[in-house]
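Visitor: Next come the chains, spelled out residue by residue.
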Amino acid sequence: MLITCPYCGPRDVIEFTYQGDGNRQRPQPASQNLDAWNAYVYDRLNPAGDHNEIWQHSGGCRAHLRVVRNTLTHEISSTAFARGDHNSVARHRAEDKP
Amino acid sequence: MSPRRTEAGGLIDRLRTIRFTFDGAPYTGHAGDTLASALLANGVTLFGRSFKYHRPRGVLTAGVEEPNALVTVLRGEVREPNIPATMVEIYDGLTAISQNRFPSLAWDVSAVNQLGGKLLSAGFYYKTFMGPVIGPLKGTRFWMFCEHFIRRAAGLGKAGTAHDTARYERMNAFCDVLVVGSGPAGLMAARAASDQGARVILAELEPHFGGSANWSGETIDGMPAADWVGRAAGQLEGRDNVRLLPRTTVWGYYDGNTLAALERVTDHKETPGKGEPRHRYWTIRAKSVVLATGSLERPLVFPGNDRPGVMLAHAAERFATEYGVLPGDRIGLFTNNDSAYRAALALKKAGAVVVAIVDVRPELSSEMRKLAGETEAEIFSGHAVIATEGGKALSGFKVQRFDMASGALSGDARSIHADCLLMSGGWSPTIHLASQAGAKAEWNETLQAFLPPKPTTQQWIGAGAFTGSFSTAEAIAEGRAAGFSATGGTGTPAALPVVEAAPGDPDPAPVFEIRASGKSFVDFQHDVTADDVRLAHREGFVSVEHLKRYTTLGMATDQGKSSNIPGLAIMAEALGKPIPQVGTTRFRPPFAAVSIGSLAAERFGDLKPERLTPMHDWHVANGATMYSAGLWYRPMIYGHPGETIEQAYVREARATRESAGMVDVSTLGKIAVQGPDAAEFLDRVYTNMFSTLAVGKARYGLMLREDGLAFDDGTTWRLGEQDFLMTTTTANAGKVMQHLEYFLDVIWPELKVHVTSVTDQWAGAAIGGPKARQILAGCVSGTAVDNAALPFMGIVHGEIAGVPVMICRLSFSGEMAFEVYSGAGYGTHVWEALIEAGKPFGLVTYGLEALGTMRIEKGHVTGAEIDGRTTARDLHLDWMLSKKKPFIGSAMMDREGLIAPDRLELVGIVSLDNQPLNGGAHIVEQLDEANPHGSLGHITACCYSPALGKYIALALVKGGKTRRGSRAYVSDPLRNRFGPVEIVSNHFFDPDGSRMHG
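From first to last, the protein sequence lines stand for chains D and R. Once you know that position 79 of the first sequence is 79 in this note's numbering, the rest is easy, because the numbers rise by one and skip nothing. Once you know that position 602 of the second sequence is 602 in this note's numbering, the rest is easy, because the numbers rise by one and skip nothing.
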């Protein structure tokens with residue numbers, strides 16, 4: 001499986017670490033809503049089809065990526081930085097190049 | 001001359017004689033022989049005993065699909081079991097032994113299992129051993145009684161226990177086109193693709209390129225096919241854009257056209273070349289793949305079809321043509337298709353007498369009649385073989401008139417004297433890789449075979465027999481077309497090579513089984529008979545997946561390469577359904593057996609990465625026994641001559657508490673946490689406050705996981721307003737780093753914090769004991785180290801021997817102690833300066849054992865207690881749980897189950913019988929050695945405490961705090977250690993911390 005890191009390009013899955021379901025919504029830190037915390041910590045989607053996932057390019061730039069992967073075909077339809085503003089950083093870098 | 005070697009012919013080198021042994025007896029063969037061909041040449045017919053019934057078995061095939069002739073190859077003390085003799089290339093000194101026999105292959109006592117055939121039918125184990133105890137002879141207890149004997153009697157080769165000294169390596173490769181299989185189709189594909197300038201890898205599991213052309217006896221472009229493929233491979237070898245991989249089995253087809261292959265680099269050599277690995281595990285990423293994996297011949301299912309001497313028709317043809325070996329003198333043929341006639345003719349030409357050709361079809365084509373006439377054999381069309389005769393070798397077989405439509409036998413049976421019977425039940429394309437890639441096989445009625453469908457998402461193209469195109473001419477045309485389309489090129493109109501081949505219709509008659517009395521084997525390797533398949537059906541197993549599991553059909557090391565289709569056909573008949581409705585199981589990797597060594601490769605042995613601290617060489621030079629902890633190597637003890645481990649660590653710990661000791665702590669995880677929001681971030685990550693920490697001070701911190709359980713602990717030092725140095729446990733350094741990065745990147749991207757792993761940038765030495773401060777004072781310049789300048793948890797900067805150092809006064813040992821950090825490159829320099837300064841004070845160095853001893857005496861926790869199941873409260877660290885702020889885990893840590901009164905809590909244990917305690921031993925209230933039960937918890941760490949003069953331990957015990965001061969017992973049936981203990985506080989030594997506070 002190849003994952004295309006927005007910084008590093010297409011890299012083998014061996015360079016990445018799966019960091020869990022990308023659909024999880026973390027409650028506000030001070031929240032006392034135990035149901036919301038339970039859902040965040042334990043409830044996972046298990047779709048047969050496209051799944052939002054977090055992967056870390058741990059053997060590369062170490063950025064976390066939001067990856068949409070089809071669980072039936074393993075086809076990856078999109079990758080993006082989990083921290084959205086990295087995109088602009090990447091763009092600036094590209095523009096810096098002569 | 002060996003008894004069955006032909007006068008001439010074959011691809012073997014008759015001038016080179018190779019000596020080897022099988023079951024201790026010496027034999028000779030020629031270069032180019034496999035173990036199977038060489039033994040057959042020597043007249044050996046008995047190769048092994050079958051899995052369940054211990055029936056004598058010979059060679060069934062000539063290749064990777066061999067189910068019967070499995071051997072164990074010995075190299076010194078190292079044994080490798082279950083290798084098909086057909087895949088072992090002989091070399092001088094090869095030592096192979098047969099399997100699953102006792103006391104010898106010829107005289108096997110377990111062969112009496114054959115008499116109990118009814119008892120050992122499908123599902124025997126489930127029926128006999130599962131379930132409750134009813135009477136004396138049923139149920140799981142009965143299994144426990146019988147297991148030893150059954151495991152010994154049923155099975156394949158025995159794995160060895162000797163350390164495998166061979167080296168294995170992994171390789172990555174990229175190519176435009178990977179061609180799997182090097183028969184005429186594969187060679188043409190590789191040539192066409194490389195003509196287009198594509199980077200090509202051609203993988204062939206056999207030693208020679210060419211596939212069936214090596215033994216087909218056909219002619220290509222006017223030359224023998226074997227010469228033509230030799231020349232074609234030779235031309236490819238010279239091309240820069242082609243890599244040829246012989247002896248390489250492509251065994252796995254994964255996502256994104258990533259394929260796994262095993263190259264057997266030195267298995268065929270007496271001694272490996274310098275630096276050569278035994279096996280090489282290739283990960284090949286191919287833009288496109290040409291599957292030219294050919295096809296596998298199927299056996300026919302009839303009584304006695306497993307007797308040594310019965311083999312597949314093409315296998316015999318191959319032995320005769322490629323190896324110059326006749327598998328018999330008087331040969332019979334039993335077939336349902338045309339392809340086998342060529343085999344009979346090849347054996348006739350090689351010098352054998354073909355006594356009979358038995359064909360289930362009532363009418364033969366004129367071409368087959370002509371071929372059969374050339375063999376001078378007696379023709380039995382519309383007949384079937386109903387039995388074989390002989391013991392450890394075939395002596396004859398019986399034929400009877402057979403009606404293909406009804407399967408009925410009629411007329412008188414006739415016996416025919418023969419020592420070899422060839423059988424052919426048609427051909428199955430080798431679709432394993434396509435199946436792994438997700439393609440669903442489609443049944444072809446005329447070919448009576450599952451064919452690969454059109455590729456879906458994977459970028460592969462099929463060619464040759466793999467697609468059901470069984471003739472060489474078709475293979476050549478399809479191979480070239482595949483090579484072109486794999487590169488996106490178009491074919492040049494050059495003429496295709498011209499093939500002269502024997503005629504033949506590829507469509508077999510739809511006959512898989514001859515039903516007559518006697519054991520008819522479907523799966524030879526797992527001893528599954530046709531009756532077993534029907535029995536499974538009668539007992540209600542109708543899905544092909546269930547059938548497979550219940551009968552174990554196709555589950556042995558050959559994965560049913562020859563048995564799957566006959567098994568399915570018999571199942572389909574029992575169900576009264578056509579084969580495509582029964583369906584087939586999907587193939588999974590690996591296609592053939594893969595050595596575990598190749599999967600581990602450089603993660604194990606010489607090439608395994610290792611992490612060494614800056615002071616590693618000093619430790620080794622000064623008598624340390626090193627201990628591997630993850631990838632790290634750390635001193636365990638610095639033993640004196642004649643000392644036991646316990647004597648050494650007791651001496652080191654005692655000396656530390658009496659004067660001073662020093663330990664290398666460079667392995668601790670170190671993370672620089674920097675930025676305007678660093679303090680806020682640490683407040684969220686740790687259970688306790690860090691924003692209130694003054695610059696120049698350190699604080700012990702605890703982290704929880706999101707679910708509220710304890711995660712890791714360590715000290716974090718505030719070096720500046722926005723600059724923290726976090727330390728983690730050695731084992732969790734990587735995990736904590738990822739944890740922090742995840743929260744900064746995904747959850748709280750608004751925090752302006754950067755984390756950097758600096759573990760390898762700092763060398764650390766912890767020096768502790770009553771004399772530690774004096775030692776530091778003697779060697780540190782640029783700062784005072786007295787109580788005012790360097791209070792408990794204070795940090796100062798100074799120099800030791802001209803090198804800048806950072807010193808923090810903190811203690812793991814419970815003594816007045818300091819951690820001295822310097823740049824990693826100066827680690828040894830600073831360490832040696834400290835050693836020198838410590839000499840007048842009796843400074844010792846200590847290792848992990850003494851470190852562990854002193855931490856147990858203090859009751860500090862490590863990974864043994866923070867084991868992923870314990871909470872901060874369980875470990876009496878609830879004083880660290882801030883109530884002023886939320887932190888990771890704070891919302892979940894108070895859930896009902898995590899605050900229950902009967903949770904395992906940290907306690908101290910003192911041995912009352914003055915005997916050592918063991919990690920993992922249970923703590924019980926009442927001792928019952930005969931029937932151990934009632935565990936209250938377990939010991940996590942143990943030692944002899946020099947400070948207390950007792951054997952002590954830390955343990956996690958139910959309701960631990962309330963049991964302090966009470967009596968209990970240690971119960972350790974595995975090590976037969978039982979005895980009285982006292983449960984105490986985990987703070988054994990200096991509980992008020994007066995020593996470290998000074």
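Treat the hints as calculated values from the structure; they're not laboratory data. Some hints here could point you the wrong way.
What the hints assert, rightly or not - Away from chain R, derived, C-beta distances all over 12 Å, residues of chain D: (1) V13; (2) G22; (3) L45; (4) D50; (5) S78; (6) F81; (7) G84.
Said to hold, decoys possible - For the chain D half of the interface with chain R, some residues (derived, Cβ under 10 Å), not all of them: (8) R26; (9) R62; (10) H74; (11) S77; (12) A82.
Owing to the predicted nature of the structure, the values given are computational and were not obtained by experimental measurement. For every residue, glycine included, the Cβ atom is placed at its ideal position computed from N, Cα and C.
Visitor: State for each hint whether it applies.
Guide: Hints and how they fare:
Look at V13 of chain D: its CB is around 8 Å from the nearest CB on chain R, not clear of 12 Å, so calling it non-interface is violated. The beta carbon of G22 of chain D sits about 9 Å from the closest Cβ of chain R, which is not more than 12 Å, so the claim that it is off the interface is violated. Remark: the non-interface label on L45 of chain D is consistent with the geometry, its nearest Cβ contact in chain R lying 17 Å away (cut-off 12 Å). Annotated as non-interface, D50 of chain D keeps its C-beta farther than 12 Å from every C-beta of chain R; the closest such distance is 15 Å.
At the 12 Å boundary, the C-beta of S78 of chain D stays outside the reach of chain R, the nearest C-beta of that chain being 16 Å off. For F81 of chain D, the shortest C-beta to C-beta distance to chain R comes to about 8 Å, within the 12 Å cut-off, and the non-interface label is violated. The claim that G84 of chain D lies off the interface is violated: its Cβ sits roughly 7 Å from the closest Cβ of chain R, which falls inside the 12 Å cut-off. Given hint, R26 of chain D at the interface with chain R, holds; its Cβ is 6 Å from that chain's nearest Cβ, closer than 10 Å.
The beta carbon of R62 of chain D is positioned within 10 Å of a beta carbon in chain R (closest approach about 6 Å), and the interface hint is therefore held. Hint status for H74 of chain D: holds, given a least beta-carbon distance of 4 Å to chain R, under 10 Å. The beta carbon of S77 of chain D comes no nearer than 13 Å to any beta carbon in chain R, farther than 10 Å, and the hint placing it at the interface is violated. Here the hint on A82 of chain D is kept, as its CB sits about 5 Å from the closest CB of chain R, short of 10 Å.
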